[in-house]
Every structure is written in structure tokens, then in C-alpha cells.
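Chains H, E, W and P are the protein sequences, given in the same order. The opening residue of the first sequence carries number 1 in our numbering; numbering runs sequentially from there. The opening residue of the second sequence carries number 1001 in our numbering; numbering runs sequentially from there. The opening residue of the third sequence carries number 2001 in our numbering; numbering runs sequentially from there. The opening residue of the fourth sequence carries number 3001 in our numbering; numbering runs sequentially from there.
Calculated from the structure, these hints are not laboratory results.
Listed next, the in silico DSBU-like pairs over lysine-lysine satisfying Cα-Cα at most 35 Å (straight line): (1) K3201(P) to K2132(W); (2) K2015(W) to K15(H); (3) K1015(E) to K3132(P).
Per the computed footprint, the stretches of chain E lying under chain P, defined by three or more beta-carbons under 8 Å from a beta-carbon of chain P, are: (4) 1125 to 1136; (5) 1256 to 1267.
To be clear about the criterion: a stretch of chain W counts as covered by chain H if any three or more of its residues have a C-beta under 8 Å from a C-beta of chain H, and this derived list gives those stretches: (6) 2132 to 2141; (7) 2239 to 2247; (8) 2256 to 2267.
Predicted model only: the values in this text are computed from it and were never measured. Ideal placement from N, C-alpha and C gives every residue a C-beta, glycine not left out.
Chain residues, written in single-letter form:
There are 4 protein chains.
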Amino acid sequence: MTTRFGLLGAGRIGKVHAKAVTGDAQAQLVAVADAIAPAAEAIAAQYGCEVRSIEAIEAADDIDAVVICTPTDTHADLIERFVRAGKAVFCEKPIDLDLARVKACLAVVRAEKGVLMVGFNRRFDPHFRAVKAEIDKGTIGAVEMVTITSRDPGLPHLDYLPRSGGIFRDMTIHDFDMARFLLGEEVATVTATASVLVDPKVAELGDFDSVNVILTTASGKQAVITNSRRATYGYDQRIEVHGSLGAVAAENQRPVSIEVATAQGYTRPPLHDFFMTRYTEAYAGEIASFIKALATGTAPSPSGEDGLAGLLLAEAALKSVAEGRTVKVAELA
Amino acid sequence: MTTRFGLLGAGRIGKVHAKAVTGDAQAQLVAVADAIAPAAEAIAAQYGCEVRSIEAIEAADDIDAVVICTPTDTHADLIERFVRAGKAVFCEKPIDLDLARVKACLAVVRAEKGVLMVGFNRRFDPHFRAVKAEIDKGTIGAVEMVTITSRDPGLPHLDYLPRSGGIFRDMTIHDFDMARFLLGEEVATVTATASVLVDPKVAELGDFDSVNVILTTASGKQAVITNSRRATYGYDQRIEVHGSLGAVAAENQRPVSIEVATAQGYTRPPLHDFFMTRYTEAYAGEIASFIKALATGTAPSPSGEDGLAGLLLAEAALKSVAEGRTVKVAELA
Amino acid sequence: MTTRFGLLGAGRIGKVHAKAVTGDAQAQLVAVADAIAPAAEAIAAQYGCEVRSIEAIEAADDIDAVVICTPTDTHADLIERFVRAGKAVFCEKPIDLDLARVKACLAVVRAEKGVLMVGFNRRFDPHFRAVKAEIDKGTIGAVEMVTITSRDPGLPHLDYLPRSGGIFRDMTIHDFDMARFLLGEEVATVTATASVLVDPKVAELGDFDSVNVILTTASGKQAVITNSRRATYGYDQRIEVHGSLGAVAAENQRPVSIEVATAQGYTRPPLHDFFMTRYTEAYAGEIASFIKALATGTAPSPSGEDGLAGLLLAEAALKSVAEGRTVKVAELA
Amino acid sequence: MTTRFGLLGAGRIGKVHAKAVTGDAQAQLVAVADAIAPAAEAIAAQYGCEVRSIEAIEAADDIDAVVICTPTDTHADLIERFVRAGKAVFCEKPIDLDLARVKACLAVVRAEKGVLMVGFNRRFDPHFRAVKAEIDKGTIGAVEMVTITSRDPGLPHLDYLPRSGGIFRDMTIHDFDMARFLLGEEVATVTATASVLVDPKVAELGDFDSVNVILTTASGKQAVITNSRRATYGYDQRIEVHGSLGAVAAENQRPVSIEVATAQGYTRPPLHDFFMTRYTEAYAGEIASFIKALATGTAPSPSGEDGLAGLLLAEAALKSVAEGRTVKVAELA
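Chain H with its partners taken away, still in its complex shape (with noise of 0.2 Å):
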């Protein structure tokens, strides 16, 4: 079976995704849509697929599924209006900003009986899937604690910070996904610190750009999530599990793995410096299950559920700075 594709946003992400869609045997990518045409006709022309109105691609009888990359204010209006067309939905994180929005639309998802898999793609990383692989082969014994260090080469353009949601829904919300995939068990608790360090326009802006959160299960296990929106030495990504009978860590990734030895020391090159070249890997591996869940007939992972869940954890990071003390998930739910 192959599975055809209309894409709906022609921009950065959006030809990260064509290409994986077109590279994968059990796709074709049949339209894609943007508000611009000329990225719309500059992916159909490299890839042999056509421009479509995003009204069009909803009423094709040619078209199986949508991947959604376009502004993120439009995400739940067209997650709604494509599973109610009866396509398959991949839709990038988030669903919304706003977390009465993002409840509805899944309530729509659920009516519909829809399809939906929502871009949380890190969990496609090869050296963090590994990571989790460990764990479920046991190697570890019983996780105990998490600890992701996350931290930006820089701050993202001052005009996008307004509408990013603020740094733990825009950032952390990556991370927050990472920790309940690897805990293994629901976040029940939500603790965290927040400075601007970074630069002082965040502050006027009410963010923030230097986060510490501890999250906690009922069970006692912890997840410890260190974010910087600036690191000068690359894009700083790792991940360590300690469990009761080891632990497994992935490393950071650079580009080329040389090392320099002079009078001044041993030297490797800085890390990675922007989050498309970090992950490719990973952008190709999320659509790639998606496609197969699709194929299987098995339900896509992440799900809708677990953007509405990252969203939550992101609202009660909030409140517990805000408020100075741990935050209780259920308070929020």
C-alpha cells in the first residue's frame, strides 16, 4: 500500500518533510499548498508533485493524509478540518499554544475518530531511541532518574519570541515529551526555576531564557530538565537515564568527529549549530512511522494525547515559578 500525501506549508520544515516523504517506498507525495507559491512550485517542481489549494487537497479523493507544517495558529483549525475530511493528520508540535484550544481539537480528533500523530520528532533520534531501547531491553533495571540538557546556539529573533508561547511551551516542551518517554510513568509533579541570563529583552518580553524543572512520578522517580537558549559551543543535547542497575546517556552529535592536538590542548570541533542539521535523522524518522503506522493500521505515536500532555507540564512549569513551589499536574489537568 502506499500512502498519498498532500503537504500543507512549503517552508523550512516543509521540505524537510517532502523529502522524507518522497524518499520513503510506501509514499508519494501528490500536492502541497502554501500561502506562497513559489515555495509551493519550487517543492512540485523538485519533487514531480503538484501545487493545491489547501481547500483542494481537503476534497481529494487522491490524497490519504496531511502532514501540517504551516504557522502554528493554524494547527488545530486544520488538524480539525482534515480529520473531519477523513485524512490522516501528522501535524508539527504544537497543536496550540493555548491549552482549552488544544482540548477541543482532540475532542474533535476523538469524535472524528481521526488520525493523529503530533511531530514531537526527537523521540525518532536514533541515539535516543537507542537510549530507550536500552531500557526496555531491561539493561538498566528500573528507571530512577532522568536528567535532559538541552541549550540553544542562540536565542531565536526577538519577534519570534513574543508568539512562541515563552520558552517552556515553545523549548522545554521538547524535553518535557523526552522525560514522559523515558520515565515510563505519568509526570505527577512539575518544580521549576527561571532567570533571563541571556539577554535582558527576554525579561521585557516576560520570559525567560535560563530553566531548571524537576519533574516527579508518583512513584518517586525524578526528571531533571536544564534549558539555556544560548551555548556558544553548538546545540547542546543530551540525555542520561540512571536506573537500579546502570544508566545509558547519549552523547552530543557534531558534525565531524576529528580531534586536534596542539601545545594548547585536544580540541574537537564545536556541536552541531542548528536544530534542522541535529536532527535529520530524526525528521525522517517520524514521518517514516508515521507512514507505516498508517500502513499497519495501528494508531500513530506521539499522539495527540501527548502534545496535549507536554502542553501541561509546560502550563504548570509556569505556575510553579510564578508561585514558587511544586505544582501537582492534576491541579491543571
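Given chain H's structure and the hints, the job is docking chains E, W and P onto it.
This is chains E, W and P only, laid out in the frame that chain H set:
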């Protein structure tokens, strides 16, 4: 100038300090005291010093300084006695497990204009010192985040735990001191989570075996401490400091640096399995630093106040766990 | 300008090159030929190109360049035919296992002013390129010693060995080329030792499975190559260059970068187990370089002469082993 | 039983051995001799032993063993004198730079049934010992290839070089011994290349500063030794052994294990810059091994014959370079 030493306590740590004192060309070990005569005699025989009573050492004209390695509950009394006797005092941590007792003891030291150094040996680990040196050189710019991972190979004997003061006062206190050492700014708030994952008997004792702590300073710097009482892979002792211009990390230490490659992968040996082998150089370094301070007439560091500050953070962490909130250090001081 | 390609050979390597050609925006795969029709048809179907005979590709007006991935014993003939037909030629190594045949072939290429690139793909491995880039930047000063470790996961099929040309022509030849690439000066002498340690059947075939080679240049630079046909831990491919100001090394590559810590130690997974996964990027890189050379009218590199030079060093190594002495390359040229 | 020691030579290495002897609970340093009186007196003062003449030590009833750390050209004479005097002898390498002299000396030792240990300290480096232990445990199966990289931080003083015996006898000899230690089979052939790349003055002295040597055994095992007299990045001392079931490697050592990450990359400090800091534990270990052998009445190892075997390989390497061919060790024995 040669500093003439009396050693109080001939146990495990006493032996370590005896070796450090005798190995220093500027020091001489004159006498050793211990309630268990054979222990004192063994040190006396090996290093050619006398066995004396504590009282005799207190009264001795030929002794300038003492190293206190007796049980914890005698520390504060002995510090007071020996500063009153005009001896310089190096005391193993902690001064006492009780905050009020520590404050009273330090009041005596101040009143007597006594010289007191507290044995936070990790400040003298060559790797951690090198981390500090890079910070001081400005290599990483302004310190923003300190991450300290500290895991013991295994639980201490369960009969030790009740008199340990609990994990925060017994184990985390080293990390509190290290965080203070590296942050370069006093800690303003403490937020902690704690659970029992290693052994349910720890819970019966009202203690924890798995904790995370976030410290913040007035300017928004943050430090994260992760502790577990059990790591199958050895004595896990890592430090990482992230700053505006970069980061610096001290790696774990193992007895031998080999790597075995087989069809199962590339394996390096486990870490040190004992704090005394892990911190061999640190123990020697702290005594050398004490001797040097005495020789040059400078104040030895870490001081009694550093000992107090560490204990204060332990108290704050306990309060944070109990009340589920961020605790201001000022609440306790 | 788009270069239009014909692919000769639809086997394992043919598929790799088909992907590289179609993935390059400046290239188009027009036709594929293979004696085994289904192999050619599969590539044609996947990439939307035609199946043609070798003769038809030779005569085609719509093809500018060919990639030769047919069996080794056809390489020299095909190179001659296609340069005579005015096509640019990329040929998998080796041109031929016989020195005289290679020289005759290159004479035809020169006479026809043909364009020929030989597939020493490792020059395009990003890690090895980064090593070369550091040398070229002057980071390590004058190159003095090159150390190349190259071990296969396991012996090739024993029925392949008799037509492999022997370990020096089949396996070490890659390292000879890499040594030439990195030394920056022609090799003057070759000294080799060789034995059979992996499988006695290799000795029955008159071949070796474990060899060491030292190369020297006129100015005294030295390169050491270590080869084994079997490494349980994976495809061991390391390069290290020592110079007057420092050294630079390319580390081994593994599919995932995780580390598992248990009571038995810290274990990272084995290396890649196959040259095609180890050198994925190198295969794509060499074709991209060929396309770029054609587009810019520069001579592609490595050239036919590089192919000849590598073979010459293999001959010299064989002679060195046979005669138990250092062989001057000039003796064979 | 306590072994009572005389120390011959109070220079740099003498001090190291004095510390090792006095630090061993089963040994006692009774006397030290040195032509330079203040050197001997300093050691006597520090460790509470006597200064005596060589003759007095030779005649002493209260001395069981001597450690010879005098200049190389006195070693053979002193070994003969002291075995004749019935003392057990530990002698720094080499016994002598002249093969005939070494053989004559060992004949005396045999005739006198003397006890002689030669100071190839690297066998006692804990990392290299751990490599050997893995081989002995069978972890890597049958040893096939040994790779030893040994580079000095810089050239010795040029006035030392003429009496050093040349690079093979002075520097490579350690690696010859290590190769013998690890191969587990005697070396049958030696093939070497040598050049002057570091300093042309080395060539004026008829010596080399950059060499590579391949050793083979009767069964076809091979060892490669790479030496340079100058490495800007420190004292480069690596060992790697490849076998039928895997490989084991000892990594380089540095004084502190930190890593600094900046926009320029991840940098670890240079290696040790001096053999005495790199091999601190090895020096202590070899003396401890000597003391233990005496205490248990076993033959100390490495023996005088090991000293001879190393020198023989150095001679063979010189001959190989001079004649441009593989030299059989049997030609020289």
C-alpha cells in the same frame, strides 16, 4: 617554618591525614590520640610520632595545629577546646549536624580569634580545581548554570544512616559547598525534591536516597544537584559549569584508563568504587593548603563559615521537600 | 547546467551511485544498463530513468557522463570505450588489477583527452576531509607521520578472494591512496610485513589477512598502515596525522552514540559493521565532486593517475614482503 | 621480612626510588651513596637514612639489596660488584649500551646466581598492566597485532644525545620491551625506517628522531612501534592490542580531566609533559614488585635477560635501517 601537628582520631580518615601531614616537607606529625589505643599506636609506629591523650595534646607546647578526625558528635567540642588552647584547627566536616551548635562553636572561634579550616576536601580535587581555574580565567565568561552529579556506589551501612543527619546533611552537603565554590555568589533560594528508590528501609528511617536540588542566586544563576545513594557503575562525581562564553566540565575518574573492544562494544572499566580512592589527591591537597595557610599567615579556606553555609543549605533543602516549595535561605539564617 | 548520466552496473554499488546522482540537483540519471535485466529495471523504476544497453548508452546523445560499477575486469575496457565516445567517466576502483593494463588504459584516456575520476571514496568521508582541511590550514605544521588503521569486520567470501588481487590491491589500496592524500608528497619507499592470522585458507590462496606497511617520502615523512581482515568490534577506520605543531585524528564511527554504564563498566556500541553504512556520506560526496568538476570544467580528482599510483604501491608492498626488504617505488614505475 | 636497601645515585631517578622504598612497609632505606655529597645528604635527611660510600654499602651487613641509579656507563660494573657482594640488585635500564658488555655482565650474574631486576618501569604502569591483564584473561583471544605509539614532548638536550646510544637504544627500547611483554612470543624479525624531521642537528649526530618499527614473531604476530622525539601536545604513550576476539587499548594520560567548550570547540588539556609525572605509579610499582619478589623468593621480572633482549632489538633496528631490509634477530644473537 615547620608546623607541628597533633592528630585527633586514628581511624580511616585519620590515617589519610597522617600520611598527608608526614608527606609534607613543611609539617611534622608530633603526636596522635585515639580512644582505641592500638589504632593510635599503629600510626605512631609507622610515622615515628608519639601517642598522647587529647588532654596532653591540648596542653602541649610542641604542637601548633591539630587535625580533628574523631566522630562527628565530638567535632564542635574539640574545635572549641583547641582554639582556646591556641592551636590552629583543621576539622573534618561537618562541624556538627545541629545548626545552633555550629553557630555557637563558630562564635567561640571568632571570640578566640581562632584559626579553623573545615574539610570540604573536594575543593582540592585537581580536576575540580581546574574547573574553578578556568572560571577564574574567564574562559567561560559569566557563570550561569552549575550542574553537579554525585552518586555513591552504594548505600552506607543502615546503622550509620540514623546518625548521618540524612542525605542532605551527609551527602549533598559536599555538593552544596561545591556549588557555592563555583557559583561565585551566595545562594538565595533552595528547591528540592526527594524520594526513596534504592531501599525502602531508608524511608523507614525518615531519610531519602534519591534527591534533586535547584539553587538560585540573587542574580538568577542556577545550580542543579543530582544525588543517588547507589550507582552500580561506581562513584559518579561530575561537575559542569555553563557560562556566557562556554562551559567547562570535570569528567568521572576511574582507576585505569583502558578500553576493551569486542563484538559487544567498547567498554571502559567502572569508576572508582570508594571515595577514598577517588579523592586521594584531594585529601592530600587540603592538608597541604592548611599547612601553607599557616605558614603564610593567611586565613585557611574553606572556613568555619563555609561549613555553616553548607549546613544551612541542607536545612533549607529539607524544608523545601517538607513544604513543597522554594525556600529562601534568609528564612533560616 | 545539468549533467546527464548513464549508470553501468546496477548492483550494490550501482544502487548507491544511482541515489547519489538523482539526489544531486545538478545531475539527471537518464539510463541504466546491467546484464541482469531485473537489477537495471528496479533502478529504472525507482528513479524514473530508462533501461538501455551499454552500446546504446555509448551512442547516446542525451548522456554526458557515465558511472562504471560493473565487475573489475570490465573497468579498463569500459573506460576506454566511453572516453572514446566522448563521455566523462567515473569509475569505481580499481581500474584494473594488472599494472600494464592500467597504464595502457590511462594512455588511451590521455590520447583522447578524456575525463576520468577514480572512486577512492574515502577522500570524501567528511571526517577524513576535516583531517585534510586541518593539515591544509597549517594547524599541525609540517606533516611528519601518518598512521592509518583499517580493519574489516570480517573476511570477504573466500570465493571472492582469488579475484580480489590480494589484500594489498584490494584493501590496503584505499589506505595507500589516503596516505598519498595526506602526506602531501609522493611515496618513495614501501616496506611491508604480512602474515595469515585470521584464517589458514587465506594462506592456501597465497594471500595475507594481516599486514603492516611503512611508506616513506624523499624528505623522510613516514606513513604506517595497519590492516586486518577481521575485527570483531566492527569496521575500524582511523586516521592520525602527526606534525611539527600538533596532530589531528579522525575517530571511529558507530551507528549510534550511546554509552551504557553498569557494574561491568561503560560500554559504547560496536562500530559500523559494513563499509556501505560507514561510508554513506563518502559515496554521495564523491559523486557530488565529480558533478561539480564537470560543471566547472576542472579536472576531477582522484584521477586515473591516482588509481595507478595506488596500484603501484600495492605492487611494491607485495615485492617488499616477498624479498624481505624496503622497495623503492622507482623500481616498479 | 623487611628488605634493607642501599641506594646508589641520588639524582632525579634516585629520589623517585628513595620515595618508593621508604613508602613500602616491607622495605627500609638504610643508606644512600652519591659522588655529589649534597645530593646524598638531602635524601638522607628527608628519609632518615645514612650517607655511605659505594664501597661501604658493598661491604655492609645491614643491607640486602641495592637500587642502581647512577650514570649508564657504571651500571654493568656496579651490577657485577653487588651481585658478587651478595646483594639483590635493581638496576635502571639499560645495563649497558654495548651488547657484548651486557652479555658479559649477565654471565657474571648467572655465575654468581645473583638476583637482578632491570627497570623497565612501563610494565608497571597500571593502565598497561590492565591491558596485559585483559590479554591474560583471554578477553581479546589470540594476540595478533600490537600497536605502540610513543612520542616525547621534546628532544632531550643535544649534549645528552651522543651518549644516549641513539633513539633505538634510548627511547624505542622501552617499546621493544613492551612489545615483548604483550606479544607473548619472542620477536623473530625487525624492520625499521628512520628519519630526521624534528631537528637537523640530530642528523649531524648520526641519530634519528622519527622512527617506525615492525616486529614479527615466528607465528606471524606483528607489532608496530611509532616514535617521535617531539610532540607539542605532550607525552604521547598509547598501547593497543588487537586479537582474534577483540582489542584492548590504554589511553593517554593527562594531569587533569576537564573539558572546556567554547565557540572554538571542546578542548581537553595537553598530556603529561614529563615521563616522571606520566609514570609516577609505574616507578612505585616496579620497586614494590622487586621488594615482593625478594620477600617471596621468586625471580624478579623484568630480568637481565629482558634487558638484553630489548637491546638486541635495538641493534636489529639499526641494522635494518642501515641495510634497508628485514633483519632476523637470530642474525645478532
